[in-house]
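Undergrad: Each chain, written out:
There are 4 protein chains.
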Amino acid sequence: MNDHAKNDENKYTRPRPRNFMMRPDEQPPFAELMGMKITHMSPDRVTAELVVTEALTNRNHVLHGGAVMALADNLGGTAAVANLQPGTSTATIESKTNFFASIAVGDTAYAECTPLHRGRTTTVWQTRITRGDGRLAAIVTQTQIVLTKPGS
Amino acid sequence: MNDHAKNDENKYTRPRPRNFMMRPDEQPPFAELMGMKITHMSPDRVTAELVVTEALTNRNHVLHGGAVMALADNLGGTAAVANLQPGTSTATIESKTNFFASIAVGDTAYAECTPLHRGRTTTVWQTRITRGDGRLAAIVTQTQIVLTKPGS
Amino acid sequence: MNDHAKNDENKYTRPRPRNFMMRPDEQPPFAELMGMKITHMSPDRVTAELVVTEALTNRNHVLHGGAVMALADNLGGTAAVANLQPGTSTATIESKTNFFASIAVGDTAYAECTPLHRGRTTTVWQTRITRGDGRLAAIVTQTQIVLTKPGS
Amino acid sequence: MNDHAKNDENKYTRPRPRNFMMRPDEQPPFAELMGMKITHMSPDRVTAELVVTEALTNRNHVLHGGAVMALADNLGGTAAVANLQPGTSTATIESKTNFFASIAVGDTAYAECTPLHRGRTTTVWQTRITRGDGRLAAIVTQTQIVLTKPGS
Numbered sequence: 001m002n003d004h005a006k007n008d009e010n011k012y013t014r015p016r017p018r019n020f021m022m023r024p025d026e027q028p029p030f031a032e033l034m035g036m037k038i039t040h041m042s043p044d045r046v047t048a049e050l051v052v053t054e055a056l057t058n059r060n061h062v063l064h065g066g067a068v069m070a071l072a073d074n075l076g077g078t079a080a081v082a083n084l085q086p087g088t089s090t091a092t093i094e095s096k097t098n099f100f101a102s103i104a105v106g107d108t109a110y111a112e113c114t115p116l117h118r119g120r121t122t123t124v125w126q127t128r129i130t131r132g133d134g135r136l137a138a139i140v141t142q143t144q145i146v147l148t149k150p151g152s
Numbered sequence: 001m002n003d004h005a006k007n008d009e010n011k012y013t014r015p016r017p018r019n020f021m022m023r024p025d026e027q028p029p030f031a032e033l034m035g036m037k038i039t040h041m042s043p044d045r046v047t048a049e050l051v052v053t054e055a056l057t058n059r060n061h062v063l064h065g066g067a068v069m070a071l072a073d074n075l076g077g078t079a080a081v082a083n084l085q086p087g088t089s090t091a092t093i094e095s096k097t098n099f100f101a102s103i104a105v106g107d108t109a110y111a112e113c114t115p116l117h118r119g120r121t122t123t124v125w126q127t128r129i130t131r132g133d134g135r136l137a138a139i140v141t142q143t144q145i146v147l148t149k150p151g152s
Numbered sequence: 001m002n003d004h005a006k007n008d009e010n011k012y013t014r015p016r017p018r019n020f021m022m023r024p025d026e027q028p029p030f031a032e033l034m035g036m037k038i039t040h041m042s043p044d045r046v047t048a049e050l051v052v053t054e055a056l057t058n059r060n061h062v063l064h065g066g067a068v069m070a071l072a073d074n075l076g077g078t079a080a081v082a083n084l085q086p087g088t089s090t091a092t093i094e095s096k097t098n099f100f101a102s103i104a105v106g107d108t109a110y111a112e113c114t115p116l117h118r119g120r121t122t123t124v125w126q127t128r129i130t131r132g133d134g135r136l137a138a139i140v141t142q143t144q145i146v147l148t149k150p151g152s
Numbered sequence: 001m002n003d004h005a006k007n008d009e010n011k012y013t014r015p016r017p018r019n020f021m022m023r024p025d026e027q028p029p030f031a032e033l034m035g036m037k038i039t040h041m042s043p044d045r046v047t048a049e050l051v052v053t054e055a056l057t058n059r060n061h062v063l064h065g066g067a068v069m070a071l072a073d074n075l076g077g078t079a080a081v082a083n084l085q086p087g088t089s090t091a092t093i094e095s096k097t098n099f100f101a102s103i104a105v106g107d108t109a110y111a112e113c114t115p116l117h118r119g120r121t122t123t124v125w126q127t128r129i130t131r132g133d134g135r136l137a138a139i140v141t142q143t144q145i146v147l148t149k150p151g152s
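Residue numbers (our numbering), protein chains in the order written: chain Y, 1 to 152; chain W, 1 to 152; chain L, 1 to 152; chain R, 1 to 152.
Since the hints were derived computationally from the structure, they do not count as laboratory data.
It is possible that part of the hints are untrue.
As a list, the in silico DSBU-like pairs of lysine-lysine whose alpha-carbon atoms are at most 35 Å apart [claimed, not checked]:
id, chain 1, residue 1, chain 2, residue 2
1, L, Lys37, R, Lys37
2, Y, Lys37, W, Lys37
3, Y, Lys149, Y, Lys37
4, W, Lys149, W, Lys37
5, L, Lys149, Y, Lys149
6, L, Lys149, L, Lys37
7, R, Lys37, R, Lys149
8, W, Lys149, R, Lys149
Derived list of chain Y stretches under chain R, where covered just means 3 residues or more per stretch with a C-beta under 8 Å from a C-beta of chain R [unchecked claim]:
id, region
9, 93–107
10, 115–124
11, 139–146
If you anchor each label on the Cβ, the simulated ranges turn out as follows [stated by the list, open to error]:
id, chain 1, residue 1, chain 2, residue 2, range
12, R, Thr39, Y, Pro43, 30 to 36 Å
13, R, Gly87, W, Leu136, 41 to 47 Å
14, R, Gly132, W, Arg23, 55 to 61 Å
15, L, Glu32, Y, Thr39, 48 to 54 Å
16, Y, Lys149, R, Arg120, 48 to 54 Å
17, W, Pro43, Y, Pro43, 46 to 52 Å
18, R, Pro86, Y, Gly134, 27 to 33 Å
19, Y, Val51, R, Gly106, 51 to 57 Å
20, Y, Lys149, W, Glu49, 27 to 33 Å
21, W, Pro43, Y, Thr148, 43 to 49 Å
Positions of the beta carbon are idealized from the N, C-alpha and C atoms, including for glycine.
The shape of chain Y in the complex, shown without the other chains (with noise of 0.2 Å):
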């Protein structure tokens, strides 16, 4: 947990307003639900780990393809975020996968996410996921919209 999560321990359970804006470093819920551990941050790229734990496998006692779209979302939204000029805020209106290995549990996922395109409107974003043998595991092509809040 970190100096932030600390002093801030009601953050789940608080009301917060829609498109209440995390920091870029600061990952949501669900993130941290699965374990995933951001390893670098900037506009240009960002990095992620993702210990694959028995928590997470699916009916073929691997990393479940769900978890392996999350982790890419995440990554997307994070670098999207990090993208963002203020007053503004992001979702992702649509994303593809492409499976190519399984990854199994003890292994770990790395994924690495850089932009395809940053446009006023819309940002594009491929994450590329790797096993710890260096294999392609998956790759994810996600378009995140950038809205201008109420009251911007």
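For this one, chain Y is given, so just place chains W, L and R on it according to the hints.
TA: Below, chains W, L and R without anything else, positioned relative to chain Y:
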């Protein structure tokens, strides 16, 4: 907890072979971590519900897009398993999601998965995810490959 | 050839401004090259037919996948235009296709496009393409962004 | 028209068996209709050029999105064929495109297709399409299934 689970308390820590085939109605660990509940299952249709808890939220304080995709992926996998012939297994090879509306904390995500295509080598599934007010929140299309197990 | 076209024989060679807005029922040059025929158009539903000629085939001697996607993209664009407010235009920002069955030379591809979502900044369309025997050949989901024209 | 074509003027009207296998460098009719030109072909990389003529435009008077997708699909198919073992054929089972910038009439679309995955049952290809000024116009990811021909 069902009877099978009661007799198998160590199921997540015991080594299991790759491609161990759970029954379609036995949900994998990641589905349990998230709190998905299968509400109907037949080869032609699988439905599920997911209560949106704080732990499943993104930085906009609504259901995380990754959780939406995981819910759908789990249904598509369940539906694909319900259509498998003996001696075969399945894996998701690609998945595409469009997001239309967010789902708030306390609301429930309702998911319904139906087949678009059921061939010998692939099956393709479409999952519609709606909110408590009936609005379409997301639509997911995924392809499952049918694998012949070694030794079959 | 409709009356508008009769009065406008040089329409492909005359310079036209970017974002020139054709009427929804006036089809663009690429649709004419391929031989698409719009058979119904309303804001809620657009349908078209495409006769599979030799010129549209791939190396397997059936309708080229690219032609299938072009047929759908053209319908999605037409449907999006039929929903535009004055002073706006639209462009496809992403498109996803799943192919299920091939369409033979001499057969006709029947396409039907309906909305999944119509928001202020994006509209999302799904097009089902069926063969003469009624079998589903492909399904296409695409997102159209709504652009405000400069000066509007 | 190349020498092969000169000796085979009836190739589009003569009946051909399903799954007739063209050489990878022999382009199918739809590619010729559009004017695609393959500029490099090896199992690891295929490139092509497409001059944007009036006939290929959409209602915004730029290269039609369907033409962009057809260009990519044709390259992915060509690349997949270049990797086939004897007695097998291939078909596109799914394709995803993100569009970033339009390509004007008179400009040339440059496409480069490289593999993301080459397995026994599927190969996955990514095609980047750039404009004359080097800007990325679109990116396409597609899955090709490897089919064993009847009798093989």
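Undergrad: Please verify whether Lys37(R) and Lys149(R) have alpha carbons no more than 35 Å apart.
TA: holds, 29 Å
Undergrad: Is it true that Lys149(Y) and Arg120(R) lie within 48 to 54 Å of each other by Cβ?
TA: Holds, at about 50 Å.
Undergrad: Taken at face value, is the distance from the CA of Lys37(W) to the CA of Lys149(W) at most 35 Å?
TA: holds, 29 Å
Undergrad: Taking 8 Å as the Cβ threshold, is the statement that the region 115–124 of chain Y is covered by chain R upheld or broken by the three-residue rule?
TA: Coverage by chain R holds for the region 115–124 of chain Y (4 residues, Cβ < 8 Å).
Undergrad: Is the straight-line distance between the alpha-carbon of Lys149(W) and that of Lys149(R) 35 Å or less?
TA: Answer holds: Lys149(W) to Lys149(R) is near 22 Å, not above 35 Å.
Undergrad: Assuming the hint says 41 to 47 Å, is it satisfied by the Cβ distance from Gly87(R) to Leu136(W) or not?
TA: Taking Cβ atoms as reference, Gly87(R) and Leu136(W) lie about 45 Å apart, which means the hint holds.
Undergrad: For a C-alpha distance cap of 35 Å, please report whether Lys149(L) and Lys37(L) respect it.
TA: Distance ~29 Å between Lys149(L) and Lys37(L) Cα, so the pair holds.
Undergrad: Is the hinted pair Lys149(Y) and Lys37(Y) satisfied, with a Cα-Cα distance of at most 35 Å?
TA: This hinted pair holds, its Cα atoms lying about 29 Å apart.
Undergrad: Take the C-beta atom of Thr39(R) and the C-beta atom of Pro43(Y), compute their distance, and say whether it sits inside 30 to 36 Å.
TA: holds, 35 Å
Undergrad: Holds or violated: 27 to 33 Å for the Cβ distance of Lys149(Y) and Glu49(W)?
TA: holds, 31 Å
Undergrad: Please check whether Glu32(L) and Thr39(Y) have a Cβ separation lying inside 48 to 54 Å.
TA: For Thr39(Y) against Glu32(L), whose Cβ atoms are near 52 Å apart, the range 48 to 54 Å holds.
Undergrad: Is the hinted pair Lys37(Y) and Lys37(W) satisfied, with a Cα-Cα distance of at most 35 Å?
TA: holds, 28 Å
Hint violations for this structure: none, all hints satisfied.
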